[in-house]
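Asker: Could you slot chain B onto chain A? The hints should help.
Protein sequences appear in the order of chains A and B. The opening residue of the first sequence carries number 23 in the numbering used here; numbering runs sequentially from there. The opening residue of the second sequence carries number 23 in the numbering used here; numbering runs sequentially from there.
It is possible that part of the hints are untrue.
No copy labels: a pair is met if it fits in one copy or bridges any two.
[What the hints assert, rightly or not] EDC-like, lysine to aspartate or glutamate: derived pairs with alpha carbons at most 16 Å apart:
1) 386 / 567
2) 504 / 59
3) 160 / 128
4) 252 / 161
5) 231 / 381
6) 255 / 141
7) 231 / 310
8) 252 / 310
9) 292 / 526
10) 252 / 215
Just so you know, the hints here were simulated from the structure itself, not pulled from any lab data. Just so it is clear, the structure is predicted and the values come from calculations on it, not from any experiment.
2 protein chains.
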Amino acid sequence: MSIKLADYLFTRLRQLGIRSIFGVPGDYNLHLLDFVEPSGLAWVGTCNELNAAYAADGYARINGLSALVTTFGVGELSAINGIAGAYAEKAPIIHIVGTPARTTQDSRALVHHTLADGEFRRFAHMASHVTVAQVDLKDPRLVPDQVDWALREAIIHSRPVYLEVPDDMVDVHVNASNLTSMICIPPAPVTGDEPVVLDRILERMHTAKRPLILVDGESRPMKVLGDIDKLVKTTGWPTWTTIFGKSLVNEQLLNVYGVYAGSLSDAQWKNYFDSADLIINMGPHYSDTNSQNFTTIPDPAVTITFSNTYIQIDNDIYRGTHPSNILPQLLEAIDTSRIPRVTGPAKSTKEAGQLNSFDSITQKDFYSIVNSMIREDDLVLTETGTAAHGGRDMILPQNTRLLGPATWLSIGYMLPATVGAELAQRERTNNPDSRAILFIGDGSLQMTVQEISTMIRENLNVIIIVINNEGYTIERAIHGRKQSYNDIAPWSHAQALSFFGADDRHAMQSYFSARTWGELDVVLRDKRIQAGTGVRMVEVFMGREDVQGALLRLMANQIADE
Amino acid sequence: MSIKLADYLFTRLRQLGIRSIFGVPGDYNLHLLDFVEPSGLAWVGTCNELNAAYAADGYARINGLSALVTTFGVGELSAINGIAGAYAEKAPIIHIVGTPARTTQDSRALVHHTLADGEFRRFAHMASHVTVAQVDLKDPRLVPDQVDWALREAIIHSRPVYLEVPDDMVDVHVNASNLTSMICIPPAPVTGDEPVVLDRILERMHTAKRPLILVDGESRPMKVLGDIDKLVKTTGWPTWTTIFGKSLVNEQLLNVYGVYAGSLSDAQWKNYFDSADLIINMGPHYSDTNSQNFTTIPDPAVTITFSNTYIQIDNDIYRGTHPSNILPQLLEAIDTSRIPRVTGPAKSTKEAGQLNSFDSITQKDFYSIVNSMIREDDLVLTETGTAAHGGRDMILPQNTRLLGPATWLSIGYMLPATVGAELAQRERTNNPDSRAILFIGDGSLQMTVQEISTMIRENLNVIIIVINNEGYTIERAIHGRKQSYNDIAPWSHAQALSFFGADDRHAMQSYFSARTWGELDVVLRDKRIQAGTGVRMVEVFMGREDVQGALLRLMANQIADE
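Excised from the complex, chain A in its bound form (with noise of 0.2 Å):
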């Protein structure tokens, strides 16, 4: 039995739980283009390929695999700093690049989206830096298990994956036989270790006197959401997660405080940290930026950590020792009557001061304003920039995801991103009321506002909410807050809507926009915000110097040095 190419890939991506592709059509890929809508897919075009790889990006950290096509050269160069963003922060792509035809490239003949040097294999060798694996599909006995092989690498590493496809291959017929069986990944070897992990980290369990456990944002690639969730409830225990982590476990639990922010969390926080005896510590993910430079790291001596590829013990690393046989024997075998009964510090009470209607909006105290908004179910996107910081300190209905910066932080990133997280997400829910509130400065919105059409066009309910502080406020606290590299043209956003395609009605009932308090009262309590649907976009306006939280410091040392 065999089946053309275009067919079986398309094929493996359906079985895996995609239905939407992202991308941008040129003419290598479009032979394989005209295959994805008859394979069930649908297909999302975007505005450009870096906002494609960005869409992808979010679909994967909702559904847990995505995919792209671009064309060579010119489309995949495009995209690949969102590939290159989706390694660092574990969301696996698909990436599929329509190739020239094989002739064509053995011939090396100086065509179009190549360097005119018959060279066709540097693009794959760029993207070989920021992909688990690369796979050119140009013989058709080796297309399914390479297929296989590459998909698999993707969801194993939950990183992106580069897959050539030349323009001559695409219904060139391969072996179909592989797709009788799904692609399975198979479980970790059981290496022996086990009895004795578990046997000591229940010892640990039983006696520790001031445990915690940090849910970091590598749990989700992890796939051990579910089990966390038991350990939290089951424990009892105080329970933070890191920036990275945020949503990923109930924040609503009493015994969940939040992000552990390190000196600048509340001090009964950080005292218990610095003195707690046991910390389990969920997919960590150790950069500067999840870690408040390198300060929440926990204490190894003091420490169990689950990570995807080790269990580490004090010291001691089990490299062979996956989580995913472990955790389960672990909720299983946890004796509730030997487990302590902690009561962690107190929660934290950060309440909105007293607010007058007529003061200017500032990020202080804005963040808790509008986490009334944030019902169940909703996603919530906080952009590179003050938007992430502030995001941080919102307390989240249960089952709302959040997706912000972790290591990466390319500015632009959460725009396309959103078009792609809320199209998982409405899939995953089937539910046509699902909605995204993205939180995204004005610096940020210029780089990739064009796939506002985009969420238009697909007719995706997001409410956009535009912090206006005339430029990049978070560079400003870094460096050069007066500087005018730091500052950026200024935009009417007020047409925004209209200009990409909203229908005129809608685009004139969807934009709002507050600079006090007062104001912003008024456009959170209107039904268009509270129950409306399609695109909707808040423009708030904010001091251009106006910080809070961590870059709060880094701005008051900016002034001390002038």
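Answerer: Leaving out everything else, chain B in the frame of chain A:
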């Protein structure tokens, strides 16, 4: 005598005639950006890094050299597709990347804008595929020579180079003594072959019966346009350009015919070409898209080729012999009395058909109509797609430069390139009335539309002619004529100027649209188009499948195949 690294670098750029630098701030380049304006350079922040690279490419093609500043990882990778295009089509961009401090890199710290794996060299490896030189400015003793070497590489190859500036190196002192002499490009060594080469060329020129001159696009980076102009005038020989060579000779001369397109050209032209006994081939660039799928490449048996790295006479290649050592001597040595006077074929007399005011605008006649609006010293930019195909047939006034796609063909390029090219033109001519006319399809526009705001902020005089044919018409001609993947989301272009920050009055008066020849005529006569300033937009509606020239055949094949 010593000088801070940043001052050294920016002084060199100033010395080489760069006046504006493009880029986007990011935390690893902020210290570096502090030095831009004090050095006398203008900072032109764009909305994102790909657009900055495109702008720098446009600037380099007019100014001869340009500079781009991005930040490590996220910024440089966003720009890399633009750098690759500059490599393919020979635009020398000095790409300066602000990188993490040396201590950070040496300690392999897991900082943001990395893949959080301690590896800091990946992006430089990637850049090495699309730049001719790479330097990491991390040792003060080496910096001056590294900078000078990289700049020379950029200038000689007319291609991008890659400079890393660690954040802590910005104000480190380096030896300033190099600065007392300008960077000069060493003359090509004399090989001894020159007299032979010169004699052979002269002999061929004196004995030719049906000679012609073909000017290709690499004549620009070879910096021999002045000599070519003399050769074309001295000989009076029939002269054509390639697609890439368009506008590099004065199209108003009687012996200059336009773009040679092989079998798609006038039959008499093709006949002359095919029977030529001498083709002087300047600055060849042999890509499929620049040679009508390799059909217009001159027969070596009758050709003398001047390339940047060799001269070829028939099948003999003089590799070390540089055109700059031959062309001036040749022009001196030509005995005009012995140069054959030839009469070339008739000039093309493509005239617009009888156009009815109420008829829809069509590709076939559009370009000859808008040809009338182009005036001396204009820049004309034609984006990949139907615009580029149409632009080839326009006859330009003298001193009018046209930038069109040759090989890289990355759609979205031309709008930001207009920002850079027009800025360079304004600086170069010192003429505030300097003007650019951009022809761009609605699909390409969506890729990089936000740079309209940079045009507005920089007060550039640009007329943007948007060809609205509801999607990627060039792709429809290639494949998928009726496929929805070639559609785009519809935008309301009338709002563009006001959305991107033009003041209300200007915005209202500066949008025009035309669906018929009559409407187009009114627009072209409007004094705001004829003599206005600032950014203006003309939206021209054409059929979804309306194409002309080479694309016509492709579209016909599509229809035949269905």
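Asker: Against each hint, give a clear statement of whether it holds in the structure.
Answerer: These are the hints, each one checked on the structure:
1. With identical chains, the CA atoms of residue 386 and residue 567 are at most 16 Å apart within one copy only, with a shortest distance of 12 Å there and 54 Å across copies.
2. Taking the shortest alpha-carbon separations for residue 504 and residue 59, only the inter-copy value of 13 Å comes in at or below 16 Å, while the best intra-copy value is 51 Å.
3. For a Cα distance limit of 16 Å, the shortest separation of residue 160 from residue 128 inside one copy, 11 Å, qualifies, whereas the shortest one across copies, 41 Å, does not.
4. Taking the shortest Cα distances, residue 252 and residue 161 never come within 16 Å of each other, neither inside one copy (47 Å) nor across copies (54 Å).
5. For a Cα distance limit of 16 Å, the shortest separation of residue 231 from residue 381 qualifies neither inside one copy, at 47 Å, nor across copies, at 85 Å.
6. Taking the closest pair of Cα atoms, residue 255 and residue 141 never come within 16 Å of each other, the shortest separation being 57 Å inside a single copy and 38 Å across copies.
7. In this assembly of identical chains, the alpha carbons of residue 231 and residue 310 never lie at most 16 Å apart, being 29 Å within a copy and 73 Å across copies at closest.
8. Taking the shortest Cα distances, residue 252 and residue 310 never come within 16 Å of each other, neither inside one copy (29 Å) nor across copies (61 Å).
9. When the C-alpha separation of residue 292 and residue 526 is checked against a cutoff of 16 Å, the pair qualifies neither within a copy, at 52 Å, nor between copies, at 53 Å.
10. With identical chains, the CA atoms of residue 252 and residue 215 are never at most 16 Å apart, being 24 Å at best within one copy and 83 Å at best between copies.
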